[in-house]
Every structure is written in structure tokens, then in C-alpha cells.
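Protein chains in written order, with this note's numbering: chain A, 1 to 431; chain B, 1 to 431.
What the hints contain is simulated information worked out from the structure, not anything from laboratory work. Among the hints, a few may not be true.
Which copy? The list can't say, so a pair holds if one copy fits it or any two copies do.
Derived pair list, reagent style DMTMM-like, types lysine to aspartate or glutamate, alpha-carbon separation capped at 20 Å [as the list claims (entries may be wrong)]:
| no. | residue 1 | residue 2 |
| --- | --- | --- |
| 1 | K378 | E408 |
| 2 | K262 | E390 |
| 3 | K373 | D232 |
| 4 | K262 | E170 |
| 5 | K83 | E112 |
Number of protein chains: 2
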Amino acid sequence: QLLLKLKVDYKQMTGQDYKAGCPPSENLIVSNNGPAADDCDGEDLVDPWNVSASSTKGVDYDKLIVRFGSSKIDKELLERIEKVSGQRAHHFLRRGIFFSHRDMHQILDAYEKHKSFYLYTGRGPSSEAMHVGHLIPFIFTKWLQDVFDIPLVVQMTDDEKYLWKDLTLEECHRFTVENAKDIIACGFDVNKTFIFSDLDYMGASPQFYRNVVKVQKHVTFNQVKGIFGFTDSDCIGKISFPAIQAAPSFSSSFPQIFGGKKDVPCLIPCAIDQDPYFRMTRDVAPRIGLLKPALLHSTFFPALQGAQTKMSASDPNSSIFLTDTPKQIKNKINKHAFSGGKDTVEEHRKYGGNTEVDVSFLYLTFFLEDDEKLEKIKEDYTSGALLTGELKKILIETLQPMIAQHQERRKQVTDEMVQQFMTPRPLNYKF
Amino acid sequence: QLLLKLKVDYKQMTGQDYKAGCPPSENLIVSNNGPAADDCDGEDLVDPWNVSASSTKGVDYDKLIVRFGSSKIDKELLERIEKVSGQRAHHFLRRGIFFSHRDMHQILDAYEKHKSFYLYTGRGPSSEAMHVGHLIPFIFTKWLQDVFDIPLVVQMTDDEKYLWKDLTLEECHRFTVENAKDIIACGFDVNKTFIFSDLDYMGASPQFYRNVVKVQKHVTFNQVKGIFGFTDSDCIGKISFPAIQAAPSFSSSFPQIFGGKKDVPCLIPCAIDQDPYFRMTRDVAPRIGLLKPALLHSTFFPALQGAQTKMSASDPNSSIFLTDTPKQIKNKINKHAFSGGKDTVEEHRKYGGNTEVDVSFLYLTFFLEDDEKLEKIKEDYTSGALLTGELKKILIETLQPMIAQHQERRKQVTDEMVQQFMTPRPLNYKF
């Protein structure tokens, strides 16, 4: 009778019948981390559609690690990445921009034993315009691809955008192609990179659909309600979509790349707001006989107005777009970038500025690669030697050439190149 | 304020936000016909997974027409079908086995104006073994294909069976191929017929997936809950599956057949338990700019034990299988076919038998094409001149050669033929 009661309780908590040997472990954690939980306790709100912090310093990422049940990227892991890759860690890693992970040690264990893995990241193409924040996962993913010499799949969730936004299928697909050009402009190796539109690839790969259905069989509405906060009046497309974002985590979804191998480990670099999808994926994986993907999580790229929210493509003044002219970049930063400086020059010289909330400084941590220069700027701003206007000027002069170069590279991306990247085909990789 | 209240009420009833010009018409009817409604008022239970009648005469089909909001196939429609096709109506039509329809007059209107339509039917491949009841929609569909000279698509819902049953993807796909052989053995024209596995075709046709997503965007969980009785602990695959059964109702799902035309009307011959899927489809169609499919509904093929339930592939004694030997057919009918005769020969001679509940007689209405012979049997059985054993003998002698011939034709179906029928390709048709 006790056993029976336990089974009933189990079902209420997990939405699944109890099966011996199928622990829902991570999933239980998930149920306590849904948007509902976020709403009531006044903590930072972080899910795939919303990010808002309760503090001006932005989201408390240490708390998020505890809530999401992931692990901090510590000094030991950093050193291991450097040892295994034989390269100095990317400044996104050194500066804690990629700050959290799941199972990264297992990926490195396998790689040390000459077992390849692959990278999976993605983009929701909700408009033509991408902003600098959208580049973060791609810049980092390119670095991973280069240092580990491994294949990469990039999912363009045009079906998701169709389901969530007031857009037609044709618009979403067009945004996929336009955004793919920006992604290709990041310098990915066409011999190691497959970019795919869900709308196209679902209809081009029976193996991909098979994995989608497998995931869909093993996740209940109760579970996606707990994880994503879906309600009874959400459309059935939204409710089943998480399975489509899950499927690329399994190498068998890409037989053209992995020759039908089911056991090539997957590493997903993404912003931490995407973690709910992969907590779900990791919960399902062992129940369908597949490997759990590993993850590397980044912080959010803050809006110009401050770190309480992330950049949004729908508010033009919150973001620096990849299409902005040098003049627009200059004006936006001067006008909108939240300053951590004091109200008057006198006060600033006397008390110094606050780099923890200063958006211009935060942006430099993303894009100024020179550690010494950055350290010097921090010292000078904190001491008051550097004024807000001067700090903004440094950022402007960092971003203007970076974006101009991106525009130049993007111009050179032809339709044929896009076609090539988006054609299902074998890729070259090390092992 | 009244308007606001109306909108709230509307949302509660339909699960959708109110939009001017998008009537939920049929859908509202649907909400009152879900399994929940069936459960409480003790009426016949009819949904895609359950059929059970409260009377020994079987389901009350007239009541079902009212409940489902379809139309009776009346004398006028019968005569019109004969006029337009230039053929005597099939005995399934003459005898009320196909008894209900939606928009069949519109199909005939279009056909008279030399506008083609296409047929769509399907099968859920839950095992290798099909029984005689499974042939009904295919026998009738073949007749429609022949008299109207039009293309046919046959959906094998192997993904559905994977989601609902304790089967692997490989098993479901194998059942698809095995069942396809039985379907091909019904005599379909390979130049006019496309049979597809969902597991394969979803991954082979971006246009099919696009229609699935369109449907998925326009149906809420509330709606499928009302229509199909899904609950929060159902997997997300079941919840979104109805969109996959809906999509073949739209000619744009088959660009290889219709060259991208969105406006070729679709006629679906099916057993009435599949109607919930198409009520949903017809509700969605105008909201995604596509045509509502028309339907022809059949009654259920009764189990040997009586008309209260339909034949089931999982209970071997409830069905005559297409693989049964002449001896098995004889034994099953003699042993299990529910009799409408009296307890003793004396009583039977005196009072006569009841053809309304006699399963052997019911089966003859399906498979004995000769109207006069059937009428004579009815008279003799009702008068008591014909004994139950003699009636069973007539059925046995009707089914044995029919099934032997089916087995013979099935043996001649090669793997290459199956391959041919299941390859996406252009089809030949009249207009």
C-alpha cells in the first residue's frame, strides 16, 4: 500500500507512470523551476522567452546554477579545456561569459580518448536583423570548432518562430536564410558545418523525424507545462515543439554526417535561457537509449539600457544591430548605453564609476579581447581617471570596425554558399 | 463590457482568442461530443480508439449523425452519385454501410464542372494481421477510384501506432509495409495511388510538414482535449498527432501529385470513428486558407461476438483475419458468430430468426453482392425456413473464396511493387 501511494505521488509530481530503472532525476528539479516558480518568489525570471533580473547588476548567475542544477565552470575545468585543446581558453571562458556547464568533463574525457564529439547550437529567426548579442554563441562555437576540429550543426527554428509569432511560414523561412548569412559570416568552415531550417530538414530526413517522435512519446503535457509554463490554451504546435529542439542533440538525427552512429556525444553552447529545452532532453535521452547532450551556458548579452534584461531584436534602441552604420553605433551608445558613472565630472573624478552596471564596460568584456587593456580601463574608470564619454568612445571604436568587418564578410556570402551550408551532406572531422 | 464578457466566454468555450471572421462553428459542436460527453450520458461511445454500443443492434447511427453534425446519405444523394459517376451505386452505399457524409454534394458539383478531386484514406498499422473489417474502406475507396478516375493517397499512421502502443518504430514501420501489401491486393491502380508511411513521408516532404505546422498553430490543447479526450498526462506526441492526420486533407501536402495546387478538393472515405480528426480539420481549414475535406462515413464492421463493438485486431476470436485458413474461417464462424436464431430448431422454425442482431447475416450485407440472394436469405431466416447453421454455411462459403483470392493476390505483391506504390511521384488523373 505504501508502494502504491508512492507510485501515485510519483505520477502527480512527474506526470509519468513509475517505471523501475527510469529515474526522472533532473526532471524533478525542472518541475520546481518552471516559470510559475519564477513568478511567485520574485527571483530572476529566466526562460526561453523571457529574461528579467531583479537587480541592476543583472541576473544572479550563481543562484541560477543552483536553481537549474548545472555546474559552475571553475578554474579546474578552464585549465582542463586549455590542456586538452592545447589552446589558451577563449576570453568568453576566462571572463565568465560562458559560466556554467553540464557534463563538460565527460566530453573532454572522451576527446582525450580520441573519440570525437559534435557541436549543436541554434537560432530562432524572428526577423532579418540580428544584433551583436546574437553573435556571442556563434563566436564561441566557431572557437570550439577550430580548437577541437569537430563538426557543427546549427538549427534555425523557423517552425518555432511561425508558431510563436504573427509571421507566415514564408517570412520565417526567409529570415532563416538571411540569418544564416550572418552566421556564415562568423567564419565557419563549410566542410565542418551544417546549417538547417526546421521547415526544410524535417521534410528531408526521416531519421530526424524519428527522433522527434521518440522524444514526443516520452514527454507528457504535464512535464512541458512544468518546464515551459504552457497552458491549455496554447496551440498543440508549441506544446510539441520542445521535441524538435531536442532532436539535434542526438547524432542519429544526422545520418549523412555520422553514418547512422547513435553514440557521438553532443556539446551545446547556448545562452542559459535555452537550458530548459536541454534539461528536458537530458531527462528523455536515457529512456530512449540515447546519450545526454553536454552543455556550456553563457550569460545574457545586456540591453543598452542596462543588465536587467537582455537585448531584444524587437526594440531597435535596445540593441546594436549587425546592419547599423558607424554613425548609428555611435549615436546609440552615446544616447542609450546605461552609464555606471557619476552625475557630474567632479563627482566622477572624486568617486569613480561603477563597472558592474556600466553597459559600455560590460560590452567591452565581450568584445575587447586584450585582457591588459580591459584591466586598465576598469582601473581607470573605477578610480575616476576615465570619464563615461571616454569609455563610450573606446566601445564605439571597438564596435565600429568589428561590425564593419562583419558587414564586409556578410556581403561576400553568396546564395550558393548558403545553399552549400544548408545542404544535408557528409562533413569532415578528425576521428 | 458585454462584448468583453462575450470574448471571455468565447475563449472558455473554444480555447481560442476571438477573431472576427473566424467562426469556430463545427468546433463548438465538437466540444460537446468529446469522450467526456459520451461517458456521462450513457450513449454509444465512438471515438478513434473506442467503439461500444449500448444496444445489441449496435451503434445508433441516426443519433450519431445528429451528434456529429454530419448528413445522412439519402436517396437523392445516392441517385446523384449514380448520375454523376454513370455507375450503379456500390452495395455499401445501397445498403447504408456508408451512411453519412459531409459536403459530398460539393464534390459532385465540382466534378460535374470537370474539376477533379482526390481520395484520402488511411490505416493505423498496429499489427501484421489485418481482418476483413479493415478491408471495408479500401474496397469502397477502390470503387470510388475506378468510377471517378481520380488519384488516391493512403496514409499509414505508423507514428500514431508508435505513440499509442508499446511498439518500437521499427515494428510500426514493418507493419506499414506488411499492411500496404494487403491494401495493394485490393486492386488499386499504381498509376493513381500513393501509399505513404508517416515516418518516411514526414521526412521526405517539406510541404507536408509545413501543412502539419500550420494545423498545429491553429489548434489548442483545449480543443484536442474536447475532441479526443486527451489529458495532461498524455505525451506531447499524442497531443500534436491530430495535425498529422489532418495534413493529407490538403492537396498542397502532395506537390509531386498536384504540382503545388492548393485547391484540389479532397474526399475522405472512412469509418465514422475517424470523424473527430476531420471535424477538427474542417474547423482549421478556412483559418489557414485551405479547403475543407468532404467525407463519406461507414458504419463499423461488427465483432463476431455481436454488433455492440467493432472487430479488434488484438482479439483473434473477434475477427476473421486475412491470413485465416478455410478451416479457421469455418470454425470461427461456427463457434463465435453471434446468432439471431432461436434456442431450438422447433422454436426457430416457429418464430424465425432476427437478422438485425445476427452477425452472420450482418457480414453477408457487407460481402454478398447479390441483392436478390441477400433478400431471399433475410426472408427465409426471418420466417424460420433457414436455420442458423445453414446461414453460417452461406457466410462461410462466401468468405472462404473471397479470402483465398485475397491471399492469392497478396502473394503476387512483390517488394518492388510496394516500393513503387510508396515512392512520392506524379500520378495520372483525368482533369
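Hint check:
Proximity of K378 and E408 under a CA criterion of 20 Å is satisfied in neither setting, with 31 Å inside one chain copy and 86 Å between copies. For the identical chains of this complex, K262 and E390 are neighbours neither inside a copy (54 Å) nor across copies (60 Å), given an alpha-carbon limit of 20 Å. Proximity of K373 to D232 under the C-alpha cut-off of 20 Å is found in neither arrangement, the shortest distances being 53 Å within a copy and 55 Å between copies. For the homomeric pair K262 and E170, the shortest alpha-carbon distance between copies (15 Å) is at most 20 Å, but the shortest distance inside one copy (33 Å) is not.
For a Cα distance limit of 20 Å, the shortest separation of K83 from E112 inside one copy, 10 Å, qualifies, whereas the shortest one across copies, 77 Å, does not.
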